[in-house]
Structures are given as structure tokens and as C-alpha cells.
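In order, the protein sequence lines correspond to chains A and B.
Under numbering that gives the first Met the number 0, the residue at position 72 of the first sequence is numbered 71, and the numbers go up by one with no gaps.
Under numbering that gives the first Met the number 0, the residue at position 45 of the second sequence is numbered 44, and the numbers go up by one with no gaps.
To be clear, the hints were calculated from the coordinates, so they are not data collected in a lab.
The beta-carbon is built from N, C-alpha and C at its ideal position, and this holds for glycine as well.
Honestly, I wouldn't trust all of these hints.
Some chain A residues judged to face chain B by a derived CB distance under 7 Å, without partners named [said to hold, decoys possible]:
1) Thr17
2) Glu36
3) Thr52
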Amino acid sequence: MAEHTVIVYSTDWCPWCTKAKDWLTKNNVKFEVHDPEKNPQYGEELATKSKQTGIPVIDIDGHIIIGYDEASMKKYLEIK
Amino acid sequence: MTEIFDTIIIGGGVTGFSAAMYAGRLKLNTLVISAIRGGTIILTNDIANWPGIKQTDGITLAKQIEEHALEYPEVKVKDAKVVKVVKTKEIYEVQIEDGEKFQSKTIIFATGTEWKKLNVPGEKEYTGNGVHYCALCDGYAYKGKTIAVIGGADSAAKEAVLLTQWASKVYIIYRGTKIRPEPVNMTRVENKIKEGKMEIVHNTNVVEIKGDGKRVTHAMLDKPYKGSKEFKIDGLFVEIGHIPQSQLAISLGVNVNKKGDIIIDRGATTNVPGIYAAGDVVDTKFKQAITGSAEGVLAAYSVYEYVRNEKL
Ligand SMILES: Cc1cc2nc3c(=O)[nH]c(=O)nc-3n(C[C@H](O)[C@H](O)[C@H](O)COP(=O)(O)OP(=O)(O)OC[C@H]3O[C@@H](n4cnc5c(N)ncnc54)[C@H](O)[C@@H]3O)c2cc1C
Chain A
0 MAEHTVIVYS
10 TDWCPWCTKA
20 KDWLTKNNVK
30 FEVHDPEKNP
40 QYGEELATKS
50 KQTGIPVIDI
60 DGHIIIGYDE
70 ASMKKYLEIK
Chain B
0 MTEIFDTIII
10 GGGVTGFSAA
20 MYAGRLKLNT
30 LVISAIRGGT
40 IILTNDIANW
50 PGIKQTDGIT
60 LAKQIEEHAL
70 EYPEVKVKDA
80 KVVKVVKTKE
90 IYEVQIEDGE
100 KFQSKTIIFA
110 TGTEWKKLNV
120 PGEKEYTGNG
130 VHYCALCDGY
140 AYKGKTIAVI
150 GGADSAAKEA
160 VLLTQWASKV
170 YIIYRGTKIR
180 PEPVNMTRVE
190 NKIKEGKMEI
200 VHNTNVVEIK
210 GDGKRVTHAM
220 LDKPYKGSKE
230 FKIDGLFVEI
240 GHIPQSQLAI
250 SLGVNVNKKG
260 DIIIDRGATT
270 NVPGIYAAGD
280 VVDTKFKQAI
290 TGSAEGVLAA
300 YSVYEYVRNE
310 KL
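Looking at chain A on its own, in the form it has when it is part of the complex (with noise of 0.2 Å):
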């Protein structure tokens, strides 16, 4: 499988993030967690990519997905 960039925004909190970041460990893709609570930085790093502030909000190679949605994470990971 080709190497992927990506950054999961989430917090400890979030259910649909927890479930994002279960499917990606489930089919072994690498990813970095940036939490947005933690981190105000992080924050306004999620609103500048994803205009808006709800979590998870996931960017694989800069593409930019809005909550859990399992299609388009597999589009862009090429996983079929």
C-alpha cells in the first residue's frame, strides 16, 4: 500500500474520532493525532483546512474530510 500524509484532529473525548482512528489502526495506515483541546494551535490549523470547528475532521495527502465517513477515507487512502 502507498505511504499516505495523515492527521487525524481529534480530541480524547470524541466518539467518531475514537472510531476514525480504530478504522485507520484496523487497516494499518500511519497517522499523526493532532488534538485541538490540547492545542489551540491545532485548532485553528482544523478551522483554516476544514473551515469549520467540528471533530474529526481527517487530511489524507490534503484532502480534507469532514467527520467519520468511512468512503471517503478509503478513496483517498486507494484501499478498496
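Guided by the hints, dock chain B with the ligand onto chain A, whose structure is given.
Same frame as chain A, now just chain B with the ligand:
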């Protein structure tokens, strides 16, 4: 030859996997088809009404029930959205989004519900920027801010209490005369009111959401609150109930009530032979994980009797 399942359970929430757990115990060849495993329960981090577990969170409980069901080799899962169910002779044919079809002697609908939206101007425009549907997800962005939860049921009260850990003030805006959470959550609300962190605005509807083009700034009310219909607010969390996902069942001739809830009897049986339903999608008054789980088990047992009789 195509495999014919004893039952296909549509929905992978607590209800669907409870039904699957019991179907597995009863050695029924079972397929769970689920759009999103876990379902609604994952939205709460505080569950204190599951017997035997004093306190847990939704994700953990959902995972435990799913893992329990998958202990049985008879239970399989397909992560997909069902788009069509038809009856061909005595067999039900279930079609998922990519066109793949599965066959089964019976169907258990455990499809739950979807968010009810406010359907007011500004809601769509400001979704994610002041209009939210998941307190646990998006509450973090309101540290020190003033927000409102719209709704008056138990889940709205729970969300409002949760949000006080970030927000400086949480309003509950409710169209009725008295909010109706469970007593334990009512006490929590009352305590927050005493602390000055919460206030309830009764008999009031939000009719429009306004902002500065980027974020929500006001909610327009249908009657004045403290002299004005313009309610200054940083964010709104909508928790006004849910819509039953019963369209697929209706297409098979299953009876529903006025709200669209599937009508079942005490065995979780519908009016259509071989079709069962359980959980938030059915016409019970009190909808909780434990009630959905129990109905799911009843549905599995009814399937067992149906399939067994069919073999005789
Ligand atoms: C904020 C909040 C707090 C709550 N707190 C508690 C609590 O503390 N204790 C408690 O007991 N209950 C609580 N509840 C209620 C509880 O969450 C529900 O009663 C329960 O989760 C219902 O489960 P279900 O499996 O019937 O439906 P759902 O959880 O809605 O699951 C439906 C499933 O069906 C799937 N589905 C739907 N349509 C299709 C389709 N066409 N194809 C494939 N799959 C489909 C969905 O993806 C999902 O997997 C709370 C609810 C909320 C909103």
C-alpha cells in the same frame, strides 16, 4: 449456490449485536449488515443504566456487545448500507450499496434512528461553525463560551450537563413547559442551575440561526427572552429527537405508527411473516440500550422458532 442465512440483521448498534449474540447462541446462521458499527450509543461517555456495569461509556459498551456476538462462529458481519430488501418466494433478498445481494429466511430490523434537524434558516449554513449535533465531539471548541442545547428529553439534559465542563454558561431551549430527563439527570441540571452555569428557556422555539458569515452569533426565538427575540449565543447543540429508520421495512409492507416507528408485539414480531424489529426503530415508549438489547434477543428467539417450524 448462494448461501441462505437464517437471519439477516440490519443494523450494528447495541440492538443489532445483542440480537446477533443470541442468534449465535441459538446456532442460527446470521449476517449483521451495518452502515456504522456501534450506532447511537457511542455518542455518550456516561452510561450508568446497564445492569451489572455501574459506569461505562458508549464506545466500550458497544464494542463489548459486538465482541460477544462475534464469539459465535455462526455470526458474520458486513460493513455496508442496505439500500433494498425484497421478498422473492419465501426468501428475502437484501441489497447493499455496491449492488451485492444476500439472501435470508428472515430479517431483523435494528436500524435505529437518525438526527432530527431543526430545519430553520441558517442551520445548514452554520453546521460545524456554531450548529452541532454531537456534544462529545464538538464541545471542546466552546471553552468559556455561551452555548445552548435545543431539546428537552433525557439525552438533551445529559448533553447540557456535559457541555458545562467547557462552556461558561449553557442554556437549554425547550419548546415545552418542563424538560423531561430521568430524575438523576434532572438533579444534575438543577445543581448546574444553582451553580449559575445553566438556565432553562421554556416554551420557546428557535426559528432562525444568524451569524457573521463565519460563525453563529445569534439564535432568533419565537418569543422574547429577557425582552428580546434575538438571543446572543456562540453555539447551538441540536438534540430534538430522532427519526426512525423504517423506510426499508415499510417497503415490505411492515406496519408503522404515526411517528414511523415499526409496530411489534411482545416477541418483536411485525405484521409481515419472517420480519422482526427491535430497538430505537420500534414503537416502544422507553428507548434505551437495555430495552433495545432485550427486544433484539426476543427477535432472535422469534426467528429461531420461525426457522425451526419452517423445517418441520
Ligand atoms: C446523547 C445520548 C445519550 C444516551 N444515553 C444513554 C444511556 O446513558 N443509556 C442508555 O441505555 N441509552 C442511552 N441513549 C439511547 C441509546 O443510545 C439508544 O437507545 C440505543 O443506542 C439504540 O440502539 P439501536 O441499536 O436500536 O439503534 P442505533 O444505535 O441507532 O443503531 C442503528 C444501526 O443501524 C445501522 N443502519 C441504519 N440503517 C441502515 C441501513 N440501511 N443499512 C445498514 N445499516 C443501517 C446504523 O449504522 C447503526 O449501526 C442515549 C442516546 C443519546 C442520543
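Results for each hint:
no. : hint  : verdict
1   : Thr17 : 6 Å, holds
2   : Glu36 : 4 Å, holds
3   : Thr52 : 4 Å, holds
The structure shown violates none of the earlier numbered hints.
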